[in-house]
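Asks: Residue-level listing of the chains:
There are 2 protein chains.
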Amino acid sequence: MLKKSIEFFFEPRSVAVVGASEAPGKLSAVIMDSLLSSGFTGKVIPVNPKYSSVKGLKCFPSVSEIENGVDIAVYALPASLTLRALRDAESKIKGAIIVSGGFGEAGDAGKGLEREIKDIVRETGIRVIGPNCMGIFDAVSGLDTFFIPRTRIARPRRGSLSIISQSGSFAITAMDELASAGVGVARVVSYGNKTDVSETDCLRFLSEDPHTKAVAVYIEAIEDGRSFIEAATACASKKPVFAIKVGRRGAGSAAALSHTGAIAGNYEAYRAAFRKSGVMELDGYDEFIAACKAFGSAAEAKGPRVVIITDGGGMGVSIADACVEAGLEVPPLPEDLKEMVREGLPSYFSINNPIDLTGSVTDEMYADALDKTLSDDSFDIAIVAALWGPPGLTDELPALLSERAQGIKKPVLVCSPGGAFTRSKAELFIKCGFPVFQTPEAAVKAASILARRAPRRKG
Amino acid sequence: MLKKSIEFFFEPRSVAVVGASEAPGKLSAVIMDSLLSSGFTGKVIPVNPKYSSVKGLKCFPSVSEIENGVDIAVYALPASLTLRALRDAESKIKGAIIVSGGFGEAGDAGKGLEREIKDIVRETGIRVIGPNCMGIFDAVSGLDTFFIPRTRIARPRRGSLSIISQSGSFAITAMDELASAGVGVARVVSYGNKTDVSETDCLRFLSEDPHTKAVAVYIEAIEDGRSFIEAATACASKKPVFAIKVGRRGAGSAAALSHTGAIAGNYEAYRAAFRKSGVMELDGYDEFIAACKAFGSAAEAKGPRVVIITDGGGMGVSIADACVEAGLEVPPLPEDLKEMVREGLPSYFSINNPIDLTGSVTDEMYADALDKTLSDDSFDIAIVAALWGPPGLTDELPALLSERAQGIKKPVLVCSPGGAFTRSKAELFIKCGFPVFQTPEAAVKAASILARRAPRRKG
Chain H
1218 MLKKSIEFFF EPRSVAVVGA SEAPGKLSAV IMDSLLSSGF TGKVIPVNPK
1268 YSSVKGLKCF PSVSEIENGV DIAVYALPAS LTLRALRDAE SKIKGAIIVS
1318 GGFGEAGDAG KGLEREIKDI VRETGIRVIG PNCMGIFDAV SGLDTFFIPR
1368 TRIARPRRGS LSIISQSGSF AITAMDELAS AGVGVARVVS YGNKTDVSET
1418 DCLRFLSEDP HTKAVAVYIE AIEDGRSFIE AATACASKKP VFAIKVGRRG
1468 AGSAAALSHT GAIAGNYEAY RAAFRKSGVM ELDGYDEFIA ACKAFGSAAE
1518 AKGPRVVIIT DGGGMGVSIA DACVEAGLEV PPLPEDLKEM VREGLPSYFS
1568 INNPIDLTGS VTDEMYADAL DKTLSDDSFD IAIVAALWGP PGLTDELPAL
1618 LSERAQGIKK PVLVCSPGGA FTRSKAELFI KCGFPVFQTP EAAVKAASIL
1668 ARRAPRRKG
Chain S
1218 MLKKSIEFFF EPRSVAVVGA SEAPGKLSAV IMDSLLSSGF TGKVIPVNPK
1268 YSSVKGLKCF PSVSEIENGV DIAVYALPAS LTLRALRDAE SKIKGAIIVS
1318 GGFGEAGDAG KGLEREIKDI VRETGIRVIG PNCMGIFDAV SGLDTFFIPR
1368 TRIARPRRGS LSIISQSGSF AITAMDELAS AGVGVARVVS YGNKTDVSET
1418 DCLRFLSEDP HTKAVAVYIE AIEDGRSFIE AATACASKKP VFAIKVGRRG
1468 AGSAAALSHT GAIAGNYEAY RAAFRKSGVM ELDGYDEFIA ACKAFGSAAE
1518 AKGPRVVIIT DGGGMGVSIA DACVEAGLEV PPLPEDLKEM VREGLPSYFS
1568 INNPIDLTGS VTDEMYADAL DKTLSDDSFD IAIVAALWGP PGLTDELPAL
1618 LSERAQGIKK PVLVCSPGGA FTRSKAELFI KCGFPVFQTP EAAVKAASIL
1668 ARRAPRRKG
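Protein chains in written order, with our numbering: chain H, 1218 to 1676; chain S, 1218 to 1676.
So that you can see chain H by itself, here it is in the shape it has in the complex:
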């Protein structure tokens, strides 16, 4: 039997919060606050036999007593109480998000509870996300069951990148980092122990989701390789899909087992599955974030040829090294282009690739060099490493670069290593919509993954 699509989870008309409370620090209180302040337009219904109202809303003693039912119910109860509450609701809901821990990851008793959840799913056709998860953050509908307050973990703006993750902490850390990097998201799903909804269901949904233009996946273990490959292949044929598999070897593998009860399995089998389905594999958190920034806020790359523009010679050389080692190309400037770029610049500027505009650089020189090289057919991607020592660089630089790059649909990645002053300037680049990277390596990782998705990509 093909299970029901999980689409209804993302734009529900009504959400019941089971165990709703106003007690500060309670997960359910955070979820209530989020739902009421995140722009979520659906109906929020608190459920708790102890209260008649929560946050000014009528509180029901149980989900079964909500007259017309609800689309989804969110459970933030102790594991031992969750099953009865779910049984009570089963005829009234389409789906449940169980954020509580204490299930399969906590030992045999918890595994028994998970088997019961699976029974309910099989018997009733309702869909379940979790347990031991964060649930859904949806920037399209405003649904937010991530139970960490926004004062601690910022939510990204609305964008076109979707993230699906077995690990809640990984997902929220990435979200927080993307929020501060100005990168938007569409749907974020943390499904934890995945008694029911898995990456396969999410990929099927995201494949068809018009709000999602790229998909990032964090995987500890996949149970049904065949379904995964099928769903991933379908999704990756339409939009970029990139994944990190953790618990690859040794200690990491053992740790994944205790984390979500997943058996991490043979890493080589995962790699083969990724290759087969066109999923781009990433090698760690750093590359995961770099890829999120790249596909979340850069244009698509048409190929692997990078032009590097900087005012710091040494940094330029480092970036060129990293590019070559990542399989990117750093071709020399064609002679006519070299002449064009050189025009009007002091003779001691080094107009090669990297282009070193030296400490005498001005905003206008940067903009000119970017415009001329990126307009040329010789390059697919620009990495701009603006070091902020030179006095000729001003706060106008990011907007000027943005203006000049606008018409050219090629990725411009900003590499901005340094301390406090530089970070304040990195904020200006972020405000202008550039993907900004703290290290040359991260910028090069982003360029490399964009190039892997390019039409004439190699390997």
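Derived by calculation from the structure, the hints in this document are not laboratory data. The structure displayed is predicted, hence computed values, not measured ones. Yeah, the Cβ is synthetic: ideal placement off N, Cα and C, and Gly gets one too. One or more of the hints may lead you astray.
Unchecked claim - To list a few chain H residues with every Cβ distance to chain S over 10 Å, as calculated:
1) Cys1276
2) Val1357
3) Lys1455
4) Lys1519
5) Asp1553
6) Met1557
7) Asp1580
8) Asp1594
9) Ile1625
What the hints assert, rightly or not - Partial list, computed: chain S residues near chain H (C-beta under 7 Å):
10) Arg1369
11) Arg1465
12) Arg1466
13) Phe1638
Given chain H, put chain S in place with the hints provided.
Replies: For chain S alone, kept in the frame of chain H given last:
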């Protein structure tokens, strides 16, 4: 003829600034400001025929007219004027720092000027740093010829790490980043085109320098491999020496040539030279910074066995993967230690390695887990990845961890990925003296390089 040691450059009694001026934006004005405000206790003597005083100090028309001579003269003049000024000073100075560009990196005319500088060095025995360099930032004496204002590029506090770099922009970017990471330095030297003073001279000096406990080297090209190996071997036998060689291959190699006129040469020969002399090679800027943080602010590691403590399971698994892939060991906790750590903790905590303290963590639980595992003989290094979602974590955590780790002379590396809230907490860790890393990969790079220097290191 063995050249004079360059020691006098670092704690000079007097410094002449040739071309001194008060004109804002002039390199010489920045250098004057730095020398007068950086705590430098030597005498600062402006030299410029146009002025009778600069910044309230008597200004000399030329160095030759300074009665008792000076230890060093700093030249911030156009290339074309530098030679005559240096000739004029040659009998009055022990050494010169030429920060001006427009020499060998700018073409044949500049190469001719460099040959003349070499003639002066040979004829007079004075030592020359540069041209096309930043010169010296010395946190011990306060000497600072780096001509980027402190408002743009922060200077690190005084510490025990020294950095020598052919590239000025690389050196200042690293300094700026280390300043914001709370890592101190002793001596920083940028020698640019190295007509005279090279990494070899610097390594000889730093080898004997009691203020330097570790040495970071940025290399584009080495001219005299035999001297380098000799100096590096001597230095690395006394203290950790780590290096990045840029211009390794292809475009990077060509770029190095145009940057400081260096022929980057056969990368394999460099690798062999590093291995032979006990210099640890780093693979990029990110690893360079990680190593600077590690040797600049962590204890020495006695081996490669890492314990990972976190409240985010997925992050823990990622770190474990990265450790295993970097050749570090992530051994399981011995049973008796596991029991000790588990004591008093909720049953659903995952007490393995990584230790996952979950969202129910408190400051005290972190401190306990760190204290117990690091006191045990089973581990050499701790990586603490505190994710700041859990409400039980407070601003007291960094000080508490610092207090508990104090007696145990093992490295504790803090991994702190995330957004604005997390970064404000990372500042607290920095204030407590911890080396803090934005990504798991950077923390693991630091652990790995500490382990490479460990007594029972492998490979």
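Asks: Compare the structure with each hint and give your call.
Replies: Do the hints match the structure? See the list:
no., hint, verdict
1, Cys1276, "holds, 23 Å"
2, Val1357, "holds, 21 Å"
3, Lys1455, "holds, 27 Å"
4, Lys1519, "holds, 19 Å"
5, Asp1553, "holds, 19 Å"
6, Met1557, "holds, 18 Å"
7, Asp1580, "holds, 15 Å"
8, Asp1594, "holds, 18 Å"
9, Ile1625, "holds, 22 Å"
10, Arg1369, "holds, 5 Å"
11, Arg1465, "holds, 5 Å"
12, Arg1466, "holds, 5 Å"
13, Phe1638, "holds, 5 Å"
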